[in-house]
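Chemist: Dock chain B against chain A, hints included.
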Amino acid sequence: MIANLGYAALVITFLISIYGVGAAVYGARKNAPAWVESARNAMLLTFPLLTLSALGLVYLLVNGHYEVEYVASVTSNSMPLYLRVTALWGGQAGSLLFWTWLMSVFASAVTLRKWDRDREFLPWVITVSLVTLAFFLILVIFIENPFARIWSVPFGQPIKAMFPPAGAELLVQPDGRGLNPLLRHPGMIIHPPLLYLGFVSFVIPYAFAIAALITGRTDDRWIVITRRWTLVAWLFLSLGLILGGRWAYDVLGWGGYWGWDPVEIAAFMPWLTGTAFLHSVMIEEKRGMLKRWNMVLIILTYDLVIFGTFLTRSGVLSSVHAFAQSAIGPLFFAFIGLTFITSLALLLNRWSELTSEAQMTSLFSREALFLLNNLLFIAILVVCFWGVIFPLISELVTGQKVTVGPPFYERSTGPLFAGLLLLMGIAPLAAWRHSTAKTLGRAIWKPFIVSLLVLILVLFRGIRQPAALLGFWLSAFVIAVTVYEFWRGMMARHRRSGESYPVALWHLAGRNRRRYGGYIIHLGVVLMAIGIIGIEIFQTETQGTIAQGEQISLGNYTISYESLSTFDTPDGRNVARAVISVYKGGEYVGELYPRRDYYYESQQPMTIPGVRSTMEDDFYVLLVDWQPVSTIGATFKVFHNPLVNWLWLGGFVFIIGTMVAAWPDKDPEPAVKVVRSAGYAPAKA
Amino acid sequence: MMLRTIKPLLSITLLLLALSLIFVPAVFAQEGDPGAPTDDEVNAIAKQLYCPVCENIPLDVCGTQACAQWRELIREKLSQGWSEDQIKNYFVEQYGDRVLAAPPARGLNWLVYIIPPLAILLGVYILYQAFRAMQRPTSPETSTNDTPSPALPPDDEYVARLEEELSKR
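Chains A and B, in that order, give the protein sequences. Numbering-wise (the numbering used here), the first sequence opens with residue 1 and increments by one. Numbering-wise (the numbering used here), the second sequence opens with residue 686 and increments by one.
Possibly wrong hints are sitting among the right ones.
[As the list claims (entries may be wrong)] Residues of chain B clear of chain A, computed beta-carbon distances all greater than 12 Å:
#: 1; residue: P743
#: 2; residue: T749
#: 3; residue: W767
#: 4; residue: E769
#: 5; residue: D770
#: 6; residue: Y775
#: 7; residue: L803
[To be verified] Here are the simulated lysine to aspartate or glutamate pairs, EDC-like style, with alpha carbons at most 16 Å apart:
#: 8; chain 1: A; residue 1: K286; chain 2: A; residue 2: D220
#: 9; chain 1: A; residue 1: K401; chain 2: B; residue 2: D782
#: 10; chain 1: A; residue 1: K401; chain 2: B; residue 2: E740
#: 11; chain 1: B; residue 1: K732; chain 2: B; residue 2: E769
#: 12; chain 1: A; residue 1: K584; chain 2: A; residue 2: E616
#: 13; chain 1: B; residue 1: K732; chain 2: B; residue 2: D770
#: 14; chain 1: A; residue 1: K30; chain 2: A; residue 2: E169
#: 15; chain 1: B; residue 1: K732; chain 2: B; residue 2: E757
#: 16; chain 1: A; residue 1: K446; chain 2: A; residue 2: E485
#: 17; chain 1: A; residue 1: K286; chain 2: A; residue 2: D219
#: 18; chain 1: A; residue 1: K401; chain 2: B; residue 2: E778
#: 19; chain 1: B; residue 1: K732; chain 2: A; residue 2: E541
#: 20; chain 1: B; residue 1: K732; chain 2: A; residue 2: E485
Worth flagging that the hints you see were computed from the coordinates, not collected in a lab. Because the structure is a prediction, the values reported are computed rather than measured. Note that CB positions come from ideal geometry on N, CA and C, so glycine has one too.
For reference, chain A alone in the conformation it holds in the complex (with noise of 0.2 Å):
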């Protein structure tokens, strides 16, 4: 009953979405505003109707509907209540609704609050979102139905589908095969939720764009719209991202936090031009230019978002085998096919009038120095693509499957972030327009001292990687310039206006919050470069079998196995549980239990680590294997990763700076009235 609710609120929501293309854009062409509304109607009802279905859903999970495939395949008896609700995405089918009912909430947002400005956008905008939701619907209706049970028939395999065959019954079974371990842990309840509200929000920059590029307005008004939703999707991919590091240290038990495997690589994808477009922007914004390049980003970053979707989910680029007999691959492939097209044809209908009002002046100002910045993010993403796109080339000539593995992104990719790390440095104190060595040199050379200072320290402290080196030196700079940026600003404002320093930083900031916003994302991501660079690079493991009471060492730690139990939990996991004594430089510093969860359920075992982590490094052990009688002995893996916790750390920091960035202002006019007034601004130069 409720399964056939659920998906009838589905196939109405289908066809009303079909509805509102066809009046939105019926509604332009004929400058109807009726049909517009009528569209907007149609747009606005996609959001209760959808919230109705996932609702629906979330009821079968609950009360364990086993009798729904989709139901049986993530949920069972032992779960708790609030996994039972977030196994809505735990698998496909309900990961693709929930995608959906997002986009609705975020379209509906959108027509709710932009409406009254802009109106010529709207109905392109609401045609763009409405075309996604609709192909979004079209999965899920037909091909990863998350409302299809099981069907018994009188001969041959129960089948699964919605509307019972002749002569079948339904198939009750008493449970459900569980979610998948892996997904059981707090940060994969939040992690894939924040990764689509990052991809579905930047829906809407893309479809202000196509507004843009059909209704002829070229200038930068689109990307003034969309600048905060831009951010805001920015927010929640890079969180998504962070968390997904966080979960795989956690969880996944090989002692780091990113293996470039295709999944991840999906989700960093769109985040990468995504990134470039955020930079870019301020380009066109500023001065007038790269109106095309911008297009080609945004294009991008939404082709990449579908792709990344299907990509997380389906795991069918696995082999072209898998890929050729899902008919889901297939049918995205087209879409991505056909929304790249037909974006580009419209991109080019308009590229005469996409023309830069302004020219670049210098190699040294900071739009060339954006535009560099541009060029590697775009690289890395070749790097990315092709070597997730590579084996299944290799595939489909030769026949012979190859790993593309760590080591080529590692080697690829290196050097282009260890030069975006010294474009950070060198940007933010490059001026707009005329910008010559000689004056980049005068702003440069202090923060610059500052860091080869730190140089001779890291070298004091005996390390001598060359890689090491040059990515301390760079983050150090980049720390330098940033703090430098603050400190100028802050001096300036509290001479200028008598404020006191605190105060002057506060009111500085606030002046330009996408400005200091940046500055505080960059220091973000500098403190995650340090992590990184302290997992990479100085990591190092040991495995051995001790029995109780022996030790095994690592470095300056050493861990002596203390004892093993093992139990049953209610929910439905066997527990080996060792505890072990961990000595740093011969001193007690505590205890720790690497364990390892055996789910009967899905047969699955997972192995958790007990870490001990302090802002030096983290000591992370990990049970591999056992023997009944702890006295024979146990296997540990000991991992030390220096400095790891700066990554995360780096991560609250950058999260806090793009807060800050994106913080809804309440009125930005009458402050710049008031700076053009008090005639500190030169005029316009």
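Modeler: Frame of chain A, contents of chain B only:
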């Protein structure tokens, strides 16, 4: 589908294991326990290998039974005195190039290493052209406008620039 690929694999692995087991006692007898490879030596090699079943999970951390057997195989080979390269080649011969973390640079695989640098070079070229195109037409009017007034001392120049930048949101 999965089972079909795993079965022959498993049987091959088991056969190899059984074969290698025959030789192990002899080796142990010759070298004694101190020569037995440590877990770290095994992991150092396993880290660089990927089994064909578990996509994208390096062998040293993979938890499946098949991967545990592969690790044992590495251990046996090490105790027989095989070198790291010999062991890696052995796995490549048995299961193809896909066991390596990155494709060996030959044949079509060259593309994997060549395309990104080429694309990046192309990007550099496009950027260079774009710079030139954007720099070319400088009318006398804009060039006078674009010259910063040299009279300003460095600090005031910075403040003026800052104010200007902050005012234009």
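Chemist: Each of the hints needs a verdict: does it hold here or not?
Modeler: Verification of the supplied hints:
Not every Cβ of chain A is farther than 12 Å from the Cβ of P743/B; the closest lies at roughly 7 Å, contradicting the non-interface assignment. Some Cβ of chain A comes within 12 Å of the Cβ of T749/B; the nearest lies about 10 Å off, and the non-interface call is violated. Residue-level check passed: W767/B sits 20 Å from the nearest beta carbon of chain A, beyond 12 Å. Every beta carbon of chain A lies more than 12 Å from that of E769/B, the smallest distance being close to 15 Å; the non-interface claim holds.
Under the 12 Å C-beta cut-off, the non-interface status given to D770/B relative to chain A holds; the minimum distance is some 16 Å. Here Y775/B stays apart from chain A, with its beta-carbon at least about 17 Å from theirs, past the 12 Å limit. For L803/B, the shortest C-beta to C-beta distance to chain A comes to about 9 Å, within the 12 Å cut-off, and the non-interface label is violated. For the hint pairing K286/A with D220/A, the CA-to-CA distance comes to about 10 Å; that is within 16 Å, so the pair holds.
Distance hint between K401/A and D782/B is fulfilled; the C-alpha atoms sit about 7 Å from each other, no more than 16 Å. About 11 Å separates the Cα atoms of K401/A and E740/B, which keeps this hinted pair within 16 Å; it holds. Proximity of K732/B to E769/B is assessed by CA-CA distance (about 12 Å); at most 16 Å being required, the pair is judged to hold. Taking the CA atoms of K584/A and E616/A, the gap is near 13 Å; set against the 16 Å cutoff, the hint holds.
About 13 Å separates the Cα atoms of K732/B and D770/B, which keeps this hinted pair within 16 Å; it holds. The straight-line distance between the Cα atoms of K30/A and E169/A is roughly 52 Å, outside the 16 Å bound, and the hint therefore fails. For a cut-off of 16 Å, the pair hint linking K732/B to E757/B stands: about 14 Å separates their Cα positions. For the suggested pair K446/A and E485/A, the alpha carbons sit about 11 Å apart, so the restraint of at most 16 Å is met.
Distance hint between K286/A and D219/A is fulfilled; the C-alpha atoms sit about 12 Å from each other, no more than 16 Å. Restraint check: the Cα-Cα separation between K401/A and E778/B comes to about 14 Å, which is no more than 16 Å; the hinted pair holds. Using a Cα cut-off of 16 Å, the hinted pair K732/B and E541/A holds, with the two alpha carbons roughly 12 Å apart. The suggested pairing of K732/B with E485/A is violated, with an alpha-carbon distance near 44 Å, which exceeds 16 Å.
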